[in-house]
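Following the hints, position chain S against chain G.
First to last, the sequence lines map onto chains G and S. Sequential numbering of the first sequence, starting at 1, is according to our numbering. Sequential numbering of the second sequence, starting at 1, is according to our numbering.
If you are wondering where the hints come from, they were derived from the structure by calculation, not from laboratory data. Do not rely on the hints blindly, as some may be mistaken.
Since the list gives no way to pick out one identical chain from another, each pair is judged satisfied if it fits inside one copy or across any two copies.
Heads up, simulated DSSO-like pairs for lysine-lysine below, C-alpha to C-alpha not over 27 Å straight-line [stated by the list, open to error]:
| hint | residue 1 | residue 2 |
| --- | --- | --- |
| 1 | Lys130 | Lys91 |
| 2 | Lys97 | Lys172 |
| 3 | Lys353 | Lys97 |
| 4 | Lys384 | Lys21 |
| 5 | Lys384 | Lys90 |
| 6 | Lys353 | Lys91 |
| 7 | Lys352 | Lys97 |
| 8 | Lys130 | Lys352 |
Protein chains: 2
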Amino acid sequence: MTMSPLAPSRFPELPAIAGIKLATAASGTRYQGRDDLMLITLAPNSTVAGVFTRSDTAAAPVYWSRAIAETGRAAAIITNAGNANAFTGKKGNASVKEITNGLSACLGCDSNAIMVASTGVIGEPLDVSKLAPYFTELVNNQNASWYGVANAILTTDTFAKGAHSTCMINGKIVNLCGIAKGSGMIAPNMATMLAYIATDAALPAPVLAHCLQDANNHSFNSITVDSDTSTNDSVFLVASGAAKNRPVINANEHALADFRRALGAVMRDLAVQIVCDGEGATKLITIDVTGASDKATARQIGLSIANSPLVKTAIAGEDANWGRIVMAIGKLGVGISADAISINIGGHAVAKKGARVANYNEVPISTHMTGQMIDLSIIVGEGKGVARIWTCDLTHGYISINADYRS
Amino acid sequence: MTMSPLAPSRFPELPAIAGIKLATAASGTRYQGRDDLMLITLAPNSTVAGVFTRSDTAAAPVYWSRAIAETGRAAAIITNAGNANAFTGKKGNASVKEITNGLSACLGCDSNAIMVASTGVIGEPLDVSKLAPYFTELVNNQNASWYGVANAILTTDTFAKGAHSTCMINGKIVNLCGIAKGSGMIAPNMATMLAYIATDAALPAPVLAHCLQDANNHSFNSITVDSDTSTNDSVFLVASGAAKNRPVINANEHALADFRRALGAVMRDLAVQIVCDGEGATKLITIDVTGASDKATARQIGLSIANSPLVKTAIAGEDANWGRIVMAIGKLGVGISADAISINIGGHAVAKKGARVANYNEVPISTHMTGQMIDLSIIVGEGKGVARIWTCDLTHGYISINADYRS
Numbered sequence: 001m002t003m004s005p006l007a008p009s010r011f012p013e014l015p016a017i018a019g020i021k022l023a024t025a026a027s028g029t030r031y032q033g034r035d036d037l038m039l040i041t042l043a044p045n046s047t048v049a050g051v052f053t054r055s056d057t058a059a060a061p062v063y064w065s066r067a068i069a070e071t072g073r074a075a076a077i078i079t080n081a082g083n084a085n086a087f088t089g090k091k092g093n094a095s096v097k098e099i100t101n102g103l104s105a106c107l108g109c110d111s112n113a114i115m116v117a118s119t120g121v122i123g124e125p126l127d128v129s130k131l132a133p134y135f136t137e138l139v140n141n142q143n144a145s146w147y148g149v150a151n152a153i154l155t156t157d158t159f160a161k162g163a164h165s166t167c168m169i170n171g172k173i174v175n176l177c178g179i180a181k182g183s184g185m186i187a188p189n190m191a192t193m194l195a196y197i198a199t200d201a202a203l204p205a206p207v208l209a210h211c212l213q214d215a216n217n218h219s220f221n222s223i224t225v226d227s228d229t230s231t232n233d234s235v236f237l238v239a240s241g242a243a244k245n246r247p248v249i250n251a252n253e254h255a256l257a258d259f260r261r262a263l264g265a266v267m268r269d270l271a272v273q274i275v276c277d278g279e280g281a282t283k284l285i286t287i288d289v290t291g292a293s294d295k296a297t298a299r300q301i302g303l304s305i306a307n308s309p310l311v312k313t314a315i316a317g318e319d320a321n322w323g324r325i326v327m328a329i330g331k332l333g334v335g336i337s338a339d340a341i342s343i344n345i346g347g348h349a350v351a352k353k354g355a356r357v358a359n360y361n362e363v364p365i366s367t368h369m370t371g372q373m374i375d376l377s378i379i380v381g382e383g384k385g386v387a388r389i390w391t392c393d394l395t396h397g398y399i400s401i402n403a404d405y406r407s
Numbered sequence: 001m002t003m004s005p006l007a008p009s010r011f012p013e014l015p016a017i018a019g020i021k022l023a024t025a026a027s028g029t030r031y032q033g034r035d036d037l038m039l040i041t042l043a044p045n046s047t048v049a050g051v052f053t054r055s056d057t058a059a060a061p062v063y064w065s066r067a068i069a070e071t072g073r074a075a076a077i078i079t080n081a082g083n084a085n086a087f088t089g090k091k092g093n094a095s096v097k098e099i100t101n102g103l104s105a106c107l108g109c110d111s112n113a114i115m116v117a118s119t120g121v122i123g124e125p126l127d128v129s130k131l132a133p134y135f136t137e138l139v140n141n142q143n144a145s146w147y148g149v150a151n152a153i154l155t156t157d158t159f160a161k162g163a164h165s166t167c168m169i170n171g172k173i174v175n176l177c178g179i180a181k182g183s184g185m186i187a188p189n190m191a192t193m194l195a196y197i198a199t200d201a202a203l204p205a206p207v208l209a210h211c212l213q214d215a216n217n218h219s220f221n222s223i224t225v226d227s228d229t230s231t232n233d234s235v236f237l238v239a240s241g242a243a244k245n246r247p248v249i250n251a252n253e254h255a256l257a258d259f260r261r262a263l264g265a266v267m268r269d270l271a272v273q274i275v276c277d278g279e280g281a282t283k284l285i286t287i288d289v290t291g292a293s294d295k296a297t298a299r300q301i302g303l304s305i306a307n308s309p310l311v312k313t314a315i316a317g318e319d320a321n322w323g324r325i326v327m328a329i330g331k332l333g334v335g336i337s338a339d340a341i342s343i344n345i346g347g348h349a350v351a352k353k354g355a356r357v358a359n360y361n362e363v364p365i366s367t368h369m370t371g372q373m374i375d376l377s378i379i380v381g382e383g384k385g386v387a388r389i390w391t392c393d394l395t396h397g398y399i400s401i402n403a404d405y406r407s
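So here's chain G without its partners, still in its complex pose:
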């Protein structure tokens, strides 16, 4: 797989996070010559939070990890790449039990303290006997780098994704590091967006959950590659407490503002990297919706444009075919007044209040379309609802990855 033309020039420098240990191993189950197991262990008294796919056909590890995340406490997260353990029935739950039982024996912790994430083929039973022999190795060699773990979770991604930030909480410096994988519902059989953010902040689990949910809405929940939702999507936020900041009880306290900014930045960075690794992507499309009747409607409009195959192919073809944006807004059928809609492309007005601008000039717009970063701005003219959605174009590369190569 050639690297996406939208890939960052290199993986960022990510510092170690005190209280968080990383490990990888190569089971060779599906991939040869690379790591496919990843372990994150957390210092005692760490807190955790998670957000998970809302799919009705969610994978067995999603049900398992969601229940643990709700307790706010965990000792470790183990991830395998190559098999999603999704739509595997009772056997799927048994596989999760086998993993957590085996690993808890090596780690000396309760099996209910181990969260699990899987990514890969849907519908194939997961044979844990092929992974278990590597658990001891994972536990005994917890000195992997963020770059190492970011690579171990990849399936058909074309580059490893990482981001970091620092902030202050009550006068103490706090670090955040994150890694992610995914490019929509990924190529041939590979599913899933996974993300892991670790911080040394000391924060109660409910505060962590609140911050994660909010940042998630403006990052991973605001991206789309092909409108297809994976059975395994999971985002984990773990906090070791090693920064020893004074406790913060309420997520809305001013003391937490900088942390929430930094968390938002890390998650947005990772989310945009996932779009940039979207299958066949050659352009990153940022869609700003303003003036919608409310926030939810603004999101709906942005996602309808972002998921429209006709909008995405027009952009792939560098065609300033803005009529397709009109179509994508209208097809929602939520009662938007066409006469109030204005559209800008690359900062240039295309349509104003329901019709093409009088002195329409396609030249600067066509020039903008030739770039790698495409900006669409929709002004709905009905209220104060805003949303920003990221997506990529729909190209021959997407078809090649998903249709030409048999899985």
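Same frame as chain G, now just chain S:
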């Protein structure tokens, strides 16, 4: 444009419908060497019904024609191909007025009795002065064939679409003929699904409207090419009364059963032809959903599978990648129990009650995938809701049509 590999071998023989006259003309506005104007005139006392796009950015002619259809009476329907007259603001309404005023003078009828349909570019003002000179010709030469009118309304379709049927109403033979155009939201700038069904039945407008709505749900409302809804979609049903059948007052009367069967058959035939002309289509996919909690959920499941780019590309690649079907069901998030879902492909069981069948054999399924007609069957295991949805595969052809050729 090469003809779709799924095109029927020839246009069917469609008889004239007593009381319905057809005409075409070539304005040369956008296309050279072909007709682009189409007129259907109706005998006095004809009744009409229509269903229209639910888009919030519906075109000016849609608003106009919907209001007339609601009265149940009309004298004519005029259609232009090449410009959708959509997102054209006040000017768009003025263009419709110009068309109906000009044509009503030639026809000697009220301008409020003329329905209008447009298909083509969105957002460009429609210059009626280029069409009006051809109105006299349309009115004076009303001897076109169904094949002629079926061709005059095409934009980027690769073949003309027609269908017919006969039936009995209270002992009288009744004829139905239909034509249609469309392949989703069509290539480069061309939008719209349009269909016209004419019958010589004598039926009150409310009965006609009821029959149309019902048949529409099981035909044009059950197909999807790319999930994009046009600003101009319109389906017209006109009845001249020339068959002189004894009146039927209620759409649910037994006397109407054969008519409703025939209408359903014509509309389903046209709808499937539209899918077969879907941009880049190489396979017709029929999705049967049974056992859903209700009809609406069955439809949602069918459409989610039919609109999933990953399912459609897998089928394009002749890949029995059924995990993507699981994903497409799950992503709806409507509370379906994964453990109750069974899936058949081409009549072969793939998954039963939430997991792959024990003795899974991909060979017969892979063989089925190499054909042009792909059958997916989903048994939800929750109730009695059923739905059938048609779609096509997603291929390099779709990308080429929509991205490679600039409009």
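Tell me, in ascending order, the numbers of any earlier hints that this structure violates. Of the numbered hints, 2 and 4 do not hold.
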